[in-house]
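Kindly produce the complete structure, drawing on both the sequences and the hints.
If you're matching them up, the sequences are chains A and B in order.
For the first sequence, numbering that gives the first Met the number 0 gives the first residue as 0, with consecutive numbering after it.
For the second sequence, numbering that gives the first Met the number 0 gives the first residue as 0, with consecutive numbering after it.
Hints were generated in silico from the structure; no laboratory data involved.
It does not matter which identical chain is used: a pair holds within one copy or between any two.
Keeping only pairs whose Cα atoms sit at most 35 angstroms apart, straight-line, the calculated DSBU-like set for lysine-lysine is:
1. K470 <-> K238
2. K448 <-> K405
3. K131 <-> K24
4. K131 <-> K21
5. K213 <-> K264
6. K13 <-> K24
7. K56 <-> K175
8. K205 <-> K264
Number of protein chains: 2
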Amino acid sequence: MATVAAAPAATEVKADYEALCKKLKEVSALGGISGLLGWDELTMMPPGSADARAAQKAALAGVLHEKQTDAELGELLRRLQAANLEAAELGPYERATVREAARDYKKVTAVTKEMAQREAELESEGYQAWVKARQESNFAAFAPVLQEWLALRRQKAALVDASRPVYDVLLDDFEKGMTAARLDEIFGQVKEGLVPLLADLRARGKAPSDAWLKGDYDTDKQAELCNKVAVVLGFDLEKGRLDVSVHPFTGGSHPTDVRMTTRFKKDDLTEGITGAIHETGHSLYEQGRNQQYDGLPVNEALGMGVHESQSLLWERMVALSQPFSAFLLPLLREHFPSLPADKNPEDLYAALNIVKHPSDSSMIRVEADEVTYPLHIIIRYELEKALLEGKIAVDDLPKLWNQKMKEYLGCEPESDARGVLQDVHWSAGALGYFPTYSLGAMYACQLFKAAQVDLPTLDADIAAGNFAPLKAWLNEKVHKVGSLHPSGDELMKAVTGAPLDPQIFLDYLQQKYTKLYQL
Amino acid sequence: MATVAAAPAATEVKADYEALCKKLKEVSALGGISGLLGWDELTMMPPGSADARAAQKAALAGVLHEKQTDAELGELLRRLQAANLEAAELGPYERATVREAARDYKKVTAVTKEMAQREAELESEGYQAWVKARQESNFAAFAPVLQEWLALRRQKAALVDASRPVYDVLLDDFEKGMTAARLDEIFGQVKEGLVPLLADLRARGKAPSDAWLKGDYDTDKQAELCNKVAVVLGFDLEKGRLDVSVHPFTGGSHPTDVRMTTRFKKDDLTEGITGAIHETGHSLYEQGRNQQYDGLPVNEALGMGVHESQSLLWERMVALSQPFSAFLLPLLREHFPSLPADKNPEDLYAALNIVKHPSDSSMIRVEADEVTYPLHIIIRYELEKALLEGKIAVDDLPKLWNQKMKEYLGCEPESDARGVLQDVHWSAGALGYFPTYSLGAMYACQLFKAAQVDLPTLDADIAAGNFAPLKAWLNEKVHKVGSLHPSGDELMKAVTGAPLDPQIFLDYLQQKYTKLYQL
Numbered sequence: 000m001a002t003v004a005a006a007p008a009a010t011e012v013k014a015d016y017e018a019l020c021k022k023l024k025e026v027s028a029l030g031g032i033s034g035l036l037g038w039d040e041l042t043m044m045p046p047g048s049a050d051a052r053a054a055q056k057a058a059l060a061g062v063l064h065e066k067q068t069d070a071e072l073g074e075l076l077r078r079l080q081a082a083n084l085e086a087a088e089l090g091p092y093e094r095a096t097v098r099e100a101a102r103d104y105k106k107v108t109a110v111t112k113e114m115a116q117r118e119a120e121l122e123s124e125g126y127q128a129w130v131k132a133r134q135e136s137n138f139a140a141f142a143p144v145l146q147e148w149l150a151l152r153r154q155k156a157a158l159v160d161a162s163r164p165v166y167d168v169l170l171d172d173f174e175k176g177m178t179a180a181r182l183d184e185i186f187g188q189v190k191e192g193l194v195p196l197l198a199d200l201r202a203r204g205k206a207p208s209d210a211w212l213k214g215d216y217d218t219d220k221q222a223e224l225c226n227k228v229a230v231v232l233g234f235d236l237e238k239g240r241l242d243v244s245v246h247p248f249t250g251g252s253h254p255t256d257v258r259m260t261t262r263f264k265k266d267d268l269t270e271g272i273t274g275a276i277h278e279t280g281h282s283l284y285e286q287g288r289n290q291q292y293d294g295l296p297v298n299e300a301l302g303m304g305v306h307e308s309q310s311l312l313w314e315r316m317v318a319l320s321q322p323f324s325a326f327l328l329p330l331l332r333e334h335f336p337s338l339p340a341d342k343n344p345e346d347l348y349a350a351l352n353i354v355k356h357p358s359d360s361s362m363i364r365v366e367a368d369e370v371t372y373p374l375h376i377i378i379r380y381e382l383e384k385a386l387l388e389g390k391i392a393v394d395d396l397p398k399l400w401n402q403k404m405k406e407y408l409g410c411e412p413e414s415d416a417r418g419v420l421q422d423v424h425w426s427a428g429a430l431g432y433f434p435t436y437s438l439g440a441m442y443a444c445q446l447f448k449a450a451q452v453d454l455p456t457l458d459a460d461i462a463a464g465n466f467a468p469l470k471a472w473l474n475e476k477v478h479k480v481g482s483l484h485p486s487g488d489e490l491m492k493a494v495t496g497a498p499l500d501p502q503i504f505l506d507y508l509q510q511k512y513t514k515l516y517q518l
Numbered sequence: 000m001a002t003v004a005a006a007p008a009a010t011e012v013k014a015d016y017e018a019l020c021k022k023l024k025e026v027s028a029l030g031g032i033s034g035l036l037g038w039d040e041l042t043m044m045p046p047g048s049a050d051a052r053a054a055q056k057a058a059l060a061g062v063l064h065e066k067q068t069d070a071e072l073g074e075l076l077r078r079l080q081a082a083n084l085e086a087a088e089l090g091p092y093e094r095a096t097v098r099e100a101a102r103d104y105k106k107v108t109a110v111t112k113e114m115a116q117r118e119a120e121l122e123s124e125g126y127q128a129w130v131k132a133r134q135e136s137n138f139a140a141f142a143p144v145l146q147e148w149l150a151l152r153r154q155k156a157a158l159v160d161a162s163r164p165v166y167d168v169l170l171d172d173f174e175k176g177m178t179a180a181r182l183d184e185i186f187g188q189v190k191e192g193l194v195p196l197l198a199d200l201r202a203r204g205k206a207p208s209d210a211w212l213k214g215d216y217d218t219d220k221q222a223e224l225c226n227k228v229a230v231v232l233g234f235d236l237e238k239g240r241l242d243v244s245v246h247p248f249t250g251g252s253h254p255t256d257v258r259m260t261t262r263f264k265k266d267d268l269t270e271g272i273t274g275a276i277h278e279t280g281h282s283l284y285e286q287g288r289n290q291q292y293d294g295l296p297v298n299e300a301l302g303m304g305v306h307e308s309q310s311l312l313w314e315r316m317v318a319l320s321q322p323f324s325a326f327l328l329p330l331l332r333e334h335f336p337s338l339p340a341d342k343n344p345e346d347l348y349a350a351l352n353i354v355k356h357p358s359d360s361s362m363i364r365v366e367a368d369e370v371t372y373p374l375h376i377i378i379r380y381e382l383e384k385a386l387l388e389g390k391i392a393v394d395d396l397p398k399l400w401n402q403k404m405k406e407y408l409g410c411e412p413e414s415d416a417r418g419v420l421q422d423v424h425w426s427a428g429a430l431g432y433f434p435t436y437s438l439g440a441m442y443a444c445q446l447f448k449a450a451q452v453d454l455p456t457l458d459a460d461i462a463a464g465n466f467a468p469l470k471a472w473l474n475e476k477v478h479k480v481g482s483l484h485p486s487g488d489e490l491m492k493a494v495t496g497a498p499l500d501p502q503i504f505l506d507y508l509q510q511k512y513t514k515l516y517q518l
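Here it is, written out as structure tokens:
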């Protein structure tokens, strides 16, 4: 006699959903602890405790893995994915929670324990090898690490989803919903717009001067200023703290416990400020998350690209804008009275927006400006994708790297240390990560344009130091929405009415720099 | 056919031991994380994150409980306890690891999940009730909490070991190997010696003056001085850090990550210094633990009494001694040049050693001196034991409290807030904890006497600011030994040749104060 399973009653579905949430919140709480350990390690931990901390992190990672791969969790997800969630009155956020949790579960259970262990080992080994190779400017010493990462990543992609291109599967870890095909389209358009703009700026442009900003600036005073700016932008000290670290970052354990760090150089005033504003953007996203869905995947950041869009929106669209200079200059003067009295906000705006010249540090990504930055990213994207697809060989990388640098950025690094070895990411197997930097810049531009429409007094507000309207807009449109949407494009559609459009970004750069460089 | 199980081969025993260690080290690492969370909460955490932190702590506590009650762990312990460990060439530290782990396992598995949950709830409820009751000086509002704790603790003791007196079972959580019978003996002797000494000091003694030490002292300067002293005593900044918190404590995540805090009052120079030296003593114990047995129970502190002995040895035997005043006075002058120039180390020594008068704060335990302190502890011990044994009623506690205060300390608190409600411990169910404070004081005295024999130049070294020999002695005799011995008495026997002898403590006080008070 054949039996037909009856559809589960709405109450059972709801009970499953509640049971799922309980498990997910436990994972989230443990993940928060992991975040705190990371922050502590970079800010507070005494140096002699590195080994003990490694053991603590390994123990916690093991526990997290056990909880994330819990068979009961898998069974709940299986039942919920088969059920009619809408009939059980589960709303869009609840359904997105099931979708995101299932996605995470599939990924984390796909990788074998042996692979996970080898990956963890190779992260350490790779880092050591990279440090040494870069010191010696010897790519051959790093090549075997990259070779093994490529093999491991292909293997992982096949386990997670053998039906999709390798790069798409990897990309999904950092920027869900994104594909290489879509990136080819986006980056193709960006390259086509930026390469000639850059050439034009260099050939005909009149670079502004920032010589008057050079000087000697007490780092305590810089920190005081930056903390003040972070709070004015909206950083909530009830739900976070500000510290100093070797590399600035935003971490912490929870949206109510966001820990942001900055660093300061005595001879560079702008790096500290722009860095602090960048991290404030990340922090506002974290602090702005929706506490109604606390501890659930739907309340996580949508992805690295959108996270970066929040830091870059504040760093570039706000802090590098004309109105912001009107706000910033008096503050700078207050903290550093030695600044020349004859400079006005226009001078500050110009000084903050200088496109790197090939003769200076334009070959280093982390020192790049908003015009050259995407070209660095596109080089890395094109090369890492070709590597994963087996279209180019690891050994040919330095040569290909330098060719692309010449072609896109008009300069050739004098050594592999300052070329193909300049970034740490590949040593940790982060393949598919670089594109998020530039996607973030483009999301930021498109979001800011939409904000300008919704907030007609935005420019005047920024000049007056009133950032609350923009923060509230981002809270509502982006931060609280979390991972409701399955991709950055969907978020863009919901907020701006259209998927990511690189032309908005290109137009912004074209207009801004045409004027600044008097083309 | 009868079968006889063959004794497990030495290799099997060793394999079991290794498997045991792996599990224990995981528990230890997770416990270290828990320590870090606690430190962070009291020093760094933004206030708005309290709820999230509570969830994180609960999640971690749940994981720790799962790992501590793991059936595989129990099976390994069962086999190892039945095996011949010596035949498998497991040395005394390895055997102590098995002993301690089995002891912990028995305790943690004895309590039901429901009980553990109710205990966790009652800790919070009890704290709230205590704060309110103390504010209103209303013991009746706190009585129900204490009543429930007594019931829960009796129930727990019966589950852990029904064959032993309730108080002994509870005591074991804080001071293993100690019994109420032994405490009756020790505290009886102490009471007999101290009550007349105190009466004598008050009737005939000439109290030294500390009026010249009163003043206004910048707290940053105090912190600077105390950090300097902590480092001179031996605190290793490579394996720890010093911060400021509302209540001073020593915590951290590992012997290589010891986090000590201090606090300072503008109008009280001595409290900050003695507090810092007290915490330094705890810290030196932690930093001095034996890394060869890292992560194993044998490497834990022996108990609360021995831990307190390390803080009190440095605070009382060292910092309140004559030679230390010779070291300290020039340092004080360096940081606070306003101190009267005519005072000498003898004056400082006298000012630091004043026995509280009944008219001032002698009814508050945490403000007590080394003479009156043990009497506070004995009152609490006698009352909490009688409560657990059902010999007195909770409702009679304020009356009994005041009677004992009058009898032992010669003063009666003017309110329950400053009497029976003054301490937080009972609100969290800490019954059996108070005795460790005074056991610590007596261990400290006995250990220091042994150190004086082993280190003939100890007094001169202390006066000269050379604390390395004493620290090295404690490292070897106490810190590295960890939990090798099953009780404080056994440790005392190993280090000093005899179990704890209260007469050493009484003689020390008698001699010191007879001279100071010119009896």
